[in-house]
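Student: Residue numbers (the numbering used here), protein chains in the order written: chain A, 16 to 325; chain B, -14 to 172.
Treat the hints with care, as some may be off.
Unchecked claim - Distance condition first, Cα-Cα at most 20 Å in a straight line; then the derived EDC-like pairs of lysine to aspartate or glutamate:
1. A:K57 with B:E85
2. A:K42 with B:D79
3. A:K56 with B:D64
4. B:K56 with B:E15
5. A:K119 with A:E82
6. A:K229 with A:E270
None of these hints come from the bench; they were simulated from the model.
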Amino acid sequence: MSNSQLSTKHLLGIKYITTEDIELIFKTATEFKEVINRPIKKVPSLRDVTIANVFFENSTRTRISFELAEKRLSADVVNFSASSSSVSKGETLLDTVNNILAMKVDMVVMRHPAPGAHHFLSKHIDANIINAGDGTHEHPTQALLDAFSIREKLGEVAGKNVVIVGDILHSRVALSNIFCLQKLGAHVMVCGPATLIPKHIDKLGVQVEHDVRKALEWCDVANVLRIQLERQDIKYIPSLREYALYFGINKKMLENLEKEIVIMHPGPINRGIELTSDAADSGQSIILDQVENGVAIRMAVLYLLAGKRG
Amino acid sequence: MSSDMEQGKIIISSDQFQLTIRRLCHQILENHIHIEDLCVIGIQERGVLLAERIRSELVEMLGDQPFKYGKLDIAFYRDDFRRRDTAIKVAATDIDFLVENKNVLLVDDVLYTGRSVHAAMAALQDFGRPRKIEMLCLVDRRFNRHFPIHANYTGMAVDALDEAYVRVQWKISHGEDRVLLFSGKDQ
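Using the sequences and the accompanying hints, generate a full structural model.
Tutor: Here it is in structure tokens:
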């Protein structure tokens, strides 16, 4: 019998969930995708659940995606951002979250700049915690929606060659994607300037490539990441122009390949740097499918964690 | 499985089973002169098995499928989510039409507490406002209801204790169509 509940009470990272958990999330997300394409896009499952979206870092699409997912599950939602909170007055993370929980909140969706902040919290509070990004560590729902989108487009993830191109060093999307894709049986390569590839990343079982053309020839899917200038305290690349010249992907490069590959991007895109507009908007791009699938995946995660028994 | 069969009492045998399905279909046709307004919707998962049979039997009788057919999963509408000991299994909903102003026939194998039908009626609201909703079940455990819900078409009424368990077995999964009654839920 296939399992019908997750092995964990929190979604802290892809590293801490099983392949069966991922399969269950995908199966549930498939049904939620059907729901969000109905004329009435809402189900009453979480009508007695209150969810706090606690964002200590800026976010637009992840936050909107989570909020839409929560509202389509009929949950009550409270939003909290660090800039408008007592955090700026010196309150600790635990105090902030405990104050929110004292208002009878059942689940916490949190983004925090410190890797591991969610682990710390999960040891001290009773609510379900969902990691919406912790520094440069993990962004599990993004990896889930990326793998779900690959499966939707190509039929399966197992055996596919996926290259993650860009700023791997500062990317939580990259690490979560590596864990998720490998659990599902894909071959993963990372590609970028040597300064933006973490040392010893090959220990995770990924290939490393510095020539984007070779990487594109190898792959079935290219997941293109943004250069995260806001996280770069020193210069890792000489200039964005030079990066675009050596690592930017354009339509012509895609047309010169022997096979048609799939282009993905977690957003926001810096058009003309990592991807040109003609590549980002081409028929090979599934960037907007990723956004739609993001809501379904987040509905599935929230639903399954809320329904976790025992 | 064989010990289960030995312990369970057969309440609808395979011979009776097909007759019952046929009778139910005749009753549906009798009540639905405007068959094109009928939507047969099976409740996931076991109700769908019965709904498939009803559909194929109706198609055989009519030589065509003038009515709509769909599958409805009620997992997201159940009133025991976060209240039960075990997780709810999610299945597919496949309804590619609106039920606005249509006559809906909900199909489930066993009508017991009525909570599944209650959830199904809530779920149906997301597909429009039906003119009428009817209920068809193979086994009606009429003394175990929690809600004021009744079946319009019943294969058989069973007056059993709350502890008893009714299991519908299908040719595709068990080699034979029949309905068994067990004395305890653990069986």
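Student: Confirm or reject each hint.
Tutor: Quick rundown of the hints versus the structure:
1. A:K57 with B:E85: 18 Å, holds
2. A:K42 with B:D79: 14 Å, holds
3. A:K56 with B:D64: Holds. K56 of chain A to D64 of chain B sits at ~19 Å (cutoff 20 Å).
4. B:K56 with B:E15: Given that 20 Å is the threshold and the Cα spacing comes to 23 Å, the pair is violated.
5. A:K119 with A:E82: Holds, because 18 Å separates the two Cα atoms, which is no more than 20 Å.
6. A:K229 with A:E270: 14 Å, holds
Consistency with the previously given hints fails for number 4 only.
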